[in-house]
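Asker: Between the sequences and the hints, there should be enough to build the whole structure, so can you do that?
Number 497 in our numbering belongs to position 423 of the sequence shown; there are no gaps in the numbering.
Treat the hints as calculated values from the structure; they're not laboratory data.
You may find that some hints are simply not true.
To be verified - Below, simulated BS3-like cross-link-like pairs (lysine-lysine); rule was C-alpha separation at most 27 Å, straight line:
{"id": "1", "residue 1": "K329", "residue 2": "K628"}
{"id": "2", "residue 1": "K652", "residue 2": "K329"}
{"id": "3", "residue 1": "K116", "residue 2": "K652"}
Quick caveat, the model's predicted, so the values are computed rather than measured.
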Amino acid sequence: MGNWRTWSVLFTVLMLSGCAAPTAAPPSSTSGAGGTEAAPAKTLIVATRAEPPSLARRSLRPLGLTQDLSPRMFNADLTIRNDNGLPVAYLSEAVPQLNSDTWKVNPDGTMDTTYHLKANTVWHDGQALTADDFVFSAEVYKKPELGLADGVPMSLIAGVTAPDARTVVIHWKQTYPDADGGGGGSSQQDASILPPLPRHILGPQFETQAPDAFVANLFWTQEYIGAGPYKLDRWETGAFLEGSAFSGDVFGKPKITRIRENFISDPNTVIANLLSGDAQLTAGDSIRFTDGETLREQWGERGSILNFPNLYRHTLFQWRPEYASTRAFTDLRVRQALHYGFDFPSVNETIQAGRTTQAIGPIPPTMAYYKQLDAAVTHYPYDPQKSQQLMTEAGFTRASDGVWVSPNPAFGRMSFETNVLTSPDSDNEMHLMADAWRKLGFDIKEVSWAPAIGADNQTRNTFPGLSTTSDPPGEKAVDDYRTNRIPSPDRRWQGRNRGGWMGTPDNDRLIDVFDTSLDRDQRTQAIIGVIKTIDDSAAEINLYWKLNAVGFAKGVTGPRLTDLNGAPEWNIQDWDLK
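Answerer: Below you can see the structure in the form of structure tokens.
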């Protein structure tokens, strides 16, 4: 992928120091963009891009945007990944160890992992959290009608038993190397083997409610009861949610008394809140890289910006004929032509200040085997001449207006839409990409979706042309390319293979090897094979590693850079606000 000397820069903390910023009280009205009532001292005000559709660690209603803070605030798991991406004990007394009494591989190829819960684990309502809550969680997440049963790890779990109130035994259909929660994905949902659910609250609804009603139950939002470091105190729809420090968290009561998340979709308003002291921290992608640069210039010594590549950017083709506006994308040469037509140098310079690198898939260059992967896959550097050549080879000719036209009626005129979830950076990126493609003979319609569309899985999966999106990096992303993971009504449109690429039977076999082999070399070769298949077939257009920006006022301590598989929020109970 070229010279990777800039990759170390992506992990550099771009810090500014100086006098402390005020720990400002929030605005006095709930009617404004960040409007809230006056909050007590030691309240951390966080600006987040969108209202979450669920607070659960393993959500039945994905947001479609980066969301790590809220699930971490309100939830606890058996284990959690630390800064280095390694699992550490949380609700459990210890992390299971392979080939011990806590992690047994059986002669028939099945497996059992055993967790002993710490004493006095409790839910936010004071009820005891017991092993039976994990049994119940498996019943919920393995219910096919809820859309998560066929995804790893749930598809590999045969069942869960509770020999006693403090012992959880997960029975596996086959081996699973990440059964300790040390998976290779960057989100904490990837690392959550089986988050508990409170049977004493949800049990009756699960037995009586239809799937749609159960997913829409207010428990998942305004009435959420978890076991994490903060308990939900208040949720004003469309404005904010607020949690207070929970003394029953097994890591101890958090230092910050309250955390309030204000839902602010406009990054300019987020910047204004930070500059005025009405917010002290940004979460997820509430600001983008360029917004962070603007904030850095205006903030001066009152705060700091962290930059790191937390997402990979890629453009999906619509493969399913029932939704696609053209069948031209079924021709490899057309897909390759568009890939070669991606003007990475211009996008990088404009969107990322020339500081990022082009992606070849979700595997980050920090992985030990990256050079081997890089040498194995097909690359698509910006090459307008190659793009033109491929379209000609595919039988297209330029019409009088310069747009490619095919004699095949299923292909027709190369006129289609491309879309993004709106934000200044994403919209600008879309304009740059569309302009480059137009110069190469493609008639592009640009569509900006409102952030709320991120939670509308059906709309996001039935786009007619191209759709550009961001996804967390890491090895776990390959599970999304299984043929049985394509989003559909039967799966409640769950899954990140939103274009519906069918892959190959061999691809599924390689993913099986990656998911179940306990041999690291076998897993490495399998994942290289999967990415090679995706890239060789130009199943999607690889764009670049997206530099995130997180802003926090001086006086906020705790947020920091971690390993890509680590969890910056894992020790949120130790964060402080002075």
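Asker: So, against the hints stated earlier in the document, which numbers end up violated here?
Answerer: Going through the list in order, the structure violates no hint and respects every one.
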